[in-house]
Amino acid sequence: MNAHALEGGFTDAPRAASYAFRALMSAMARPGRIETLEGGVPPAPLSVAAGTALLTLADGDTPIYLAGSADTAEMRAWLAFHTGAPLTGPSHAMFAVGRWDDLLPLDAYPIGTPEYPDRSTTLIVDHASLDGNGARLTGPGIQSSAALPLPDEEALTRNNRLFPLGLDFYFTNGTRVAALPRSTRIG
Amino acid sequence: MCCPVLTTPSPGSAKDWLMSDYNFAYLDEQTKRMIRRAILKGLAIPGYQVPFASREMPMPYGWGTGGVQVSAATLTPDDTLKVIDQGADDTTNAVSIRSFFERTAEVATTTVTSDASVIQTRHRIPEEPLSEDQILVYQVPIPEPLRFLEPRETETRKMHALEEYGLMHVKLYEDISRHGHIATSYAYPVKIEGRYVMDPSPIPKFDNPKMNMPAIQLFGAGREQRIYALPPYTDTVSLDFEDHPFDPSKAPHPCGLCGAEDSYLDEVITDDQGGRMFVCSDTDYCETRCANGHRGTELAETAA
Numbered sequence: 001m002n003a004h005a006l007e008g009g010f011t012d013a014p015r016a017a018s019y020a021f022r023a024l025m026s027a028m029a030r031p032g033r034i035e036t037l038e039g040g041v042p043p044a045p046l047s048v049a050a051g052t053a054l055l056t057l058a059d060g061d062t063p064i065y066l067a068g069s070a071d072t073a074e075m076r077a078w079l080a081f082h083t084g085a086p087l088t089g090p091s092h093a094m095f096a097v098g099r100w101d102d103l104l105p106l107d108a109y110p111i112g113t114p115e116y117p118d119r120s121t122t123l124i125v126d127h128a129s130l131d132g133n134g135a136r137l138t139g140p141g142i143q144s145s146a147a148l149p150l151p152d153e154e155a156l157t158r159n160n161r162l163f164p165l166g167l168d169f170y171f172t173n174g175t176r177v178a179a180l181p182r183s184t185r186i187g
Numbered sequence: 001m002c003c004p005v006l007t008t009p010s011p012g013s014a015k016d017w018l019m020s021d022y023n024f025a026y027l028d029e030q031t032k033r034m035i036r037r038a039i040l041k042g043l044a045i046p047g048y049q050v051p052f053a054s055r056e057m058p059m060p061y062g063w064g065t066g067g068v069q070v071s072a073a074t075l076t077p078d079d080t081l082k083v084i085d086q087g088a089d090d091t092t093n094a095v096s097i098r099s100f101f102e103r104t105a106e107v108a109t110t111t112v113t114s115d116a117s118v119i120q121t122r123h124r125i126p127e128e129p130l131s132e133d134q135i136l137v138y139q140v141p142i143p144e145p146l147r148f149l150e151p152r153e154t155e156t157r158k159m160h161a162l163e164e165y166g167l168m169h170v171k172l173y174e175d176i177s178r179h180g181h182i183a184t185s186y187a188y189p190v191k192i193e194g195r196y197v198m199d200p201s202p203i204p205k206f207d208n209p210k211m212n213m214p215a216i217q218l219f220g221a222g223r224e225q226r227i228y229a230l231p232p233y234t235d236t237v238s239l240d241f242e243d244h245p246f247d248p249s250k251a252p253h254p255c256g257l258c259g260a261e262d263s264y265l266d267e268v269i270t271d272d273q274g275g276r277m278f279v280c281s282d283t284d285y286c287e288t289r290c291a292n293g294h295r296g297t298e299l300a301e302t303a304a
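Taken in order, these protein sequences are the chains called A and B. One point on numbering: in the numbering used here, the residue at position 74 of the first sequence is 74, and numbering is uninterrupted. One point on numbering: in the numbering used here, the residue at position 89 of the second sequence is 89, and numbering is uninterrupted.
Just so you know, the hints here were simulated from the structure itself, not pulled from any lab data. Accuracy of the hints is not assured; some may be wrong.
Stated by the list, open to error - In silico SDA-like cross-links for lysine to any residue, where the CA-CA straight-line distance does not exceed 25 angstroms:
id, chain 1, residue 1, chain 2, residue 2
1, B, K191, A, R119
2, B, K210, A, Y116
3, B, K171, B, T111
4, B, K158, A, E115
5, B, K210, B, D243
6, B, K158, A, P110
7, B, K191, A, R161
8, B, K191, A, D71
9, B, K191, A, E115
10, B, K191, A, L87
11, B, K210, A, R119
12, B, K191, A, P43
13, B, K191, A, F163
14, B, K158, B, H169
Said to hold, decoys possible - Facing chain A, from chain B, some residues (calculated, C-beta under 10 angstroms):
id, residue
15, P46
16, V50
17, M57
18, P58
19, D79
20, E102
21, A105
22, R157
23, A291
24, H294
Claimed, not checked - Derived Cβ-Cβ restraints for the label pairs, each shown as a range:
id, chain 1, residue 1, chain 2, residue 2, range
25, A, S144, B, E164, 48 to 56 angstroms
26, A, G68, B, T91, 53 to 61 angstroms
27, B, L149, A, R158, 42 to 50 angstroms
Note that CB positions come from ideal geometry on N, CA and C, so glycine has one too.
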């Protein structure tokens with residue numbers, strides 16, 4: 001195991017995780033709003049925000065799919081040391097991490113069942129563009145409307161139409177994070 | 001290492017009685033992660049009850065263990081916590097939960113609604129409107145709104161999946177046929193974003209309209225092992241009929257202490273001769289009004 005795998009975790013896990021979770025919760029409760037998410041330093045190519053999200057939410061109970069360029073030996077070692085989360089493919093992932101193009105196709109992920117719609121994957125889309133106005137968002141958590149640049153409005157609109165089933169998304173870039181839950185209407 | 005949680009603090013500095021032998025906010029990190037994941041799914045599916053593995057807490061089920069677990073997973077060291085029980089900051093349940101988090105999470109506490117960043121509540125929503133920066137955590141005894149109509153979890157789960165809520169309307173209709181009006185006065189069912197019927201916890205129906213609020217609302221049911229949530233501004237509609245519209249009723253009196261006519265009132269029996277008075281159930285709201293010079297009829301008499 002290389003040295004870096006042992007580094008980059010939370011320095012004071014209970015407190016750092018509480019701040020990180022507050023950012024993740026505020027983002028999920030207010031789709032489109034950008035929050036600051038930091039505390040963890042994952043190996044390249046993952047962003048600080050994406051790595052911190054994994055440190056906050058992942059453990060031995062949460063199978064993770066490392067998509068495409070995120071699936072490196074360093075990343076596997078780092079995740080194993082800091083979270084103990086098992087790695088899996090998209091069909092059994094509770095969390096999936098990577099660039100948008102690497103995470104596709106979306107229909108590979110579980111969207112929950114009518115009885116248990118919560119049993120669906122949360123995708124952490126790293127290196128997403130968070131600048132600019134982007135698509136108009138409405139729905140729970142949004143007073144009138146919000147805006148967020150989206151990688152594929154059509155695919156995400158289809159995801160919203162599955163409600164209450166569907167996937168939930170975090171878009172991360174650097175230390176910034178924004179969320180798009182399945183409940184958010186696009187356009 | 002096994003100090004009882006609710007012993008009186010010994011004299012000395014506050015740090016002496018911080019329970020530093022426990023993890024921050026009492027729960028272990030793996031439990032908090034599990035609760036946090038449930039909260040996030042709850043926010044993504046407003047009104048849906050997410051199952052979670054509720055833990056034993058150092059208080060009995062029914063004393064707010066669900067709310068306490070949700071608060072423990074939510075609190076940061078910078079938070080200011082307020083705890084109310086039926087609107088009051090000074091009842092046993094509120095006092096012990098507040099002191100629990102003072103010792104285990106080292107958070108500041110307050111009784112002033114507007115100063116709090118996290119408010120844990122049993123059966124009330126504060127009168128003062130909440131802001132975007134606040135989080136309201138409800139203690140929930142029975143999270144399933146259909147439970148008294150259908151005792152089987154397998155069936156109620158299917159009813160939610162199929163959006164089969166006819167039975168709930170039948171219950172409200174039976175109220176009307178028996179009493180002439182909808183007699184359900186607390187835990188009045190709401191429909192969230194036109195999809196899930198949800199139990200708002202046993203808040204008076206007077207509080208239902210307040211649920212369309214800018215704050216995040218989290219619901220924790222410890223014994224029943226469910227967490228659900230409402231993001232800010234979530235569309236929350238109290239179920240009713242066109243000819244029997246929802247009526248957020250309250251006792252038709254002003255508060256005896258502060259004279260407020262817009263607050264939810266508790267009836268207090270004052271003697272055994274049938275004497276009674278009505279006072280605000282929200283103690284912070286009432287005290288703030290009294291401090292600002294508002295006087296109700298009962299307070300004037302006491303003063304005179």
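Next item on the list: Take a quick look at whether K191 of chain B and F163 of chain A sit within 25 angstroms of each other, Cα to Cα.
Entry: The given pair, whose Cα atoms are some 15 angstroms apart, holds under the 25 angstroms limit.
Margin query: So, as I understand it, the hint says R157 of chain B touches chain A; can you test that by seeing if any CB pair is closer than 10 angstroms?
Written below: Hint holds; R157 of chain B Cβ to chain A Cβ min 5 angstroms, cut 10 angstroms.
Note to self: Would the hint linking K210 of chain B and Y116 of chain A be met if the CA-CA limit is 25 angstroms?
What the structure shows: 29 angstroms, violated
Margin query: Checking hints one by one. Is A105 of chain B an interface residue toward chain A, by the C-beta closer than 10 angstroms rule?
Written below: With Cβ-Cβ at 9 angstroms, under 10 angstroms, it holds.
Margin query: With the threshold set at 25 angstroms, check whether the alpha-carbon distance from K158 of chain B to P110 of chain A stays at or below it.
Written below: 19 angstroms, holds
Notebook entry, point to check: For the hint on D79 of chain B, does the least C-beta distance to chain A fall short of 10 angstroms?
Noted result: Check passed: Cβ of D79 of chain B comes within 9 angstroms of chain A, closer than 10 angstroms.
Notebook entry, point to check: Can the hint on P58 of chain B be confirmed by a CB-to-CB distance to chain A that is less than 10 angstroms?
Noted result: 18 angstroms, violated
Notebook entry, point to check: Under the criterion that the straight-line Cα-Cα distance not exceed 25 angstroms, is the pair K210 of chain B, R119 of chain A satisfied?
Noted result: Violated. K210 of chain B to R119 of chain A sits at ~30 angstroms, over the 25 angstroms cutoff.
Note to self: Between the alpha carbons of K191 of chain B and R161 of chain A, is the straight-line distance 25 angstroms or under?
What the structure shows: 19 angstroms, holds
Check: Between K171 of chain B and T111 of chain B, does the CA-CA distance stay at or below 25 angstroms?
Finding: 38 angstroms, violated
Notebook entry, point to check: Is the shortest C-beta separation between P46 of chain B and chain A less than 10 angstroms?
Noted result: 5 angstroms, holds
Next item on the list: With chain A as the partner, please determine if E102 of chain B meets the hint condition of a C-beta pair closer than 10 angstroms.
Entry: Nearest chain A Cβ about 16 angstroms off; hint violated.
Checked against the numbered hints above, the structure breaks hints 2, 3, 8, 10, 11, 12, 17, 18, 20, 23, 24, 25 and 27 and satisfies the rest.
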